[in-house]
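Q: Listed here are the chains, written in short residue letters.
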Amino acid sequence: MIYEVFRRERNGQAFEHAGSVVAPDMEFAEVWAREQYGRRGESVALWLVPRDAIHDVEDWADEFDLKYRRVDGYSIKARLKEARERAAQPRKVLTHFPRDGEG
Amino acid sequence: MRDEQAFLEYVQGGGQVETADWMPDDYRAKLVKFIEMHGNSELMGVLPEREWILRAPTLQRKLALTAKVQDEVGHAQLIYRVVEDLGKPRERCLADLVDGKAKFHNVFHYPTKTWGDVGVIAWLVDAAAIISQKALLKCSYAPYARIMKKICWEESFHILHGRDVILAMVTGTPEQFELVQEALDRWWGPLMQFHGNPIPKDEDPMYLWRIKSQGNEEARQQFLEGYVPQIWELGLTVPNPKLRRGDDGTWEYSEPDWDELKYVVTGHGPKTDERLAFRRRFLDQEQWVRDAVLAA
Amino acid sequence: MADQRELLLGLADDELVIGWRDSEWTGIAPLLEEDVAFSSIAQNEIGHARAVYERLTDDADALAFDRALDDYRCAPLVELRLLDWAHTIARRWLYEVADEIRITALMEDADVGGLAAKINREEAYHRMHAEMWHERLLNEPRFRAAVTELWPYALGVVLPEQRAALASRVGLDEVDAVERGSHTDDFAPLLEEMTMVRRSAPAGAQW
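Each protein sequence line maps, in turn, to chains A, B and C. All residue numbers for the first sequence refer to the working numbering, where the first residue is 1 and numbers rise by one. All residue numbers for the second sequence refer to the working numbering, where the first residue is 1 and numbers rise by one. All residue numbers for the third sequence refer to the working numbering, where the first residue is 1 and numbers rise by one.
Chain A with its partners taken away, still in its complex shape (with noise of 0.2 Å):
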């Protein structure tokens, strides 16, 4: 059976995966991986999961138009400069909302 490896290197890391070993049960798979994995203290903390047990997941839907999920859906240069631009502008001030009558 093939166990895949997970290894932490160091606390604060999240589990990376690191290779296989070829073991009949997860017995023999720890003793072998410890070695293979750790013997250089390189590594705080194994998984080991048999292939088997790994859900592949590979297929996605990309029909429709969902980049407004994502910061490359944004353009906001145009409108920008325009609004600098237009801010640098003298321009009447007012000091309260205009009333009727007032221009």
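Since the hints were made in silico from the structure, they are not lab data. Hints may contain errors.
[To be verified] Restraint-style ranges between C-beta atoms, simulated for each label pair: (1) Asp-59/A - Gln-12/B: 34 to 40 Å; (2) Glu-91/B - Gly-171/C: 30 to 36 Å; (3) Asp-185/B - Gln-13/A: 30 to 36 Å; (4) Met-128/C - Ala-61/A: 45 to 51 Å; (5) Gln-13/A - Glu-260/B: 20 to 26 Å; (6) Asp-56/A - Gln-12/B: 24 to 30 Å; (7) Asp-70/C - Asp-257/B: 48 to 54 Å; (8) Glu-149/C - Leu-167/B: 31 to 37 Å; (9) Asp-71/C - Glu-178/B: 30 to 36 Å; (10) Asp-56/A - Asp-257/B: 48 to 54 Å.
[Stated by the list, open to error] Short, incomplete list of chain A residues facing chain C, as computed with Cβ under 10 Å: (11) Val-21; (12) Asp-65; (13) Ala-87; (14) Pro-90.
C-beta atoms are modelled at their ideal positions from N, C-alpha and C, and glycine is treated no differently.
For chain A, the structure is supplied; the task is to place chains B and C on it using the hints.
A: Chains B and C in isolation, oriented as in the chain A frame:
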């Protein structure tokens, strides 16, 4: 993307390939052969060094050499896993190896004669190998590129260990200095052949598929540039009077014996038969263990 | 004190020689994954030997390599040349059970108790490994035959007063032990090979 031309453009543009992706039959075949040869080399490389584990002259050297050789076995494990996921089971790789049907690198067909060899191998043979291995970090086949990261990281201590062994001897007795020089004289030829004959990159299918990212001559030049100065600064000589660094930075040297290289890697090296027989003996003897362990 | 020194020298020599024997499998173990694990165990044993030698002398290498054959105190069990897996694993398992008994006893010692405890902590992984193989090969005739054959030698690893405990853990009846004190025929060739490079230079040469 089941189109060989599109695939070629994809990998040449830096695209990476994973195990479940479609790949042209030729790409897969060349990949398996290349990676299998690497695994075989790591495994066969153990045998010349193994004897010296038993003869190491201090506890520290024994520990270091055992750890180094252990790494080579570990690398073989990583590499054969990649081959297996590409479709060729480990047992078949090992069977082909001991039957003489599969290749491994030239350097592991030669004898080791003294403790001087231990130093030269760890320092210079590993250095030559690491140059190729660093280039493989960019391999288009991603699972292989990924294991190369662990391999390169582990190899870095091998070279330091080798250099330390050499330095202890060249600053020791005159006899110890001679051991190093004599070993270097014997290993220089195979070292110069190690990276293969200079095929132009655009004629090398391994480069076109971006399995290799470096030409053979480029690797050899990198080796010479990095290590000849290190050799000379210790007062050691290289048995090639023509060896010199040209004004443009390119190293010149006598043409290596490409016939010898071909002859050796096709299974006619001085130690090929003996080492394969040794492997076969243990493989056969311990088949019952694999049956007992890997059976349900 | 002389007894204590003898005991420690025996422990260190056992670890050195079994580590040397186990390192013979580097590259040729039955499975690649096991090859890597087994090599770590061999290195650990050598490391333990070194730690104990360093308690007994300033020059651990000299003590490890430069004695006359008769001055080594290893138990015959570790000297045997066993280049087949059934015997190697049988020895591994028997040795770990015996070693646990003597190391735990040493942990009581005011002087070396700390070192023994350190060794014991690392040995926990060796025991895990040995038990795993023992369980897997329990019903293999080759393995059972090897255990039976090596049993008298295993008894020689521990002191006479510790043998009943060993027999109880292993599940075999106590028999006459092959005692420490004389060396097997396999030891001289081992020593010869182990020291050949070292002897090729004058004493004190650096390596």
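Q: Quick check on Ala-87/A please, does its C-beta sit within 10 Å of some C-beta on chain C?
A: Given a least distance of 68 Å, the restraint on Ala-87/A is violated.
Q: Look at the Cβ atoms of Gln-13/A and Glu-260/B and judge whether their distance stays inside 20 to 26 Å.
A: 49 Å, violated
Q: For Asp-56/A and Asp-257/B, compare the CB-CB distance with the range 48 to 54 Å and indicate the outcome.
A: 50 Å, holds
Q: Evaluate the given range 48 to 54 Å for the C-beta pair formed by Asp-70/C and Asp-257/B.
A: Holds, since Asp-70/C and Asp-257/B (Cβ atoms, about 52 Å apart) stay within the stated range.
Q: Any CB of chain C closer than 10 Å to the CB of Val-21/A?
A: 5 Å, holds
Q: Against chain C, with CB atoms and a cut of 10 Å, does the hint on Asp-65/A hold up?
A: Violated, about 50 Å.
Q: Given the range 30 to 36 Å, decide if the beta-carbon distance of Glu-91/B to Gly-171/C lies inside it.
A: With Cβ atoms ~35 Å apart, the hint holds.
Q: The hint says 30 to 36 Å between Asp-185/B and Gln-13/A; measuring C-beta to C-beta, is that right?
A: With Cβ atoms ~48 Å apart, the hint is violated.
Q: Holds or violated: the hint that Pro-90/A contacts chain C, with Cβ atoms closer than 10 Å.
A: 78 Å, violated
Q: Is the distance from the Cβ of Asp-59/A to the Cβ of Gln-12/B consistent with 34 to 40 Å?
A: This hint is violated: roughly 26 Å between Cβ atoms.
Q: Per the hint of 24 to 30 Å, is the separation of the Cβ atoms of Asp-56/A and Gln-12/B within bounds?
A: 28 Å, holds
Q: Take a look at whether the Cβ-Cβ distance between Met-128/C and Ala-61/A falls inside 45 to 51 Å.
A: Distance hint for Met-128/C, Ala-61/A holds at roughly 48 Å.
When held up to the earlier numbered hints, the structure conflicts with 1, 3, 5, 8, 12, 13 and 14 and fits the remainder.
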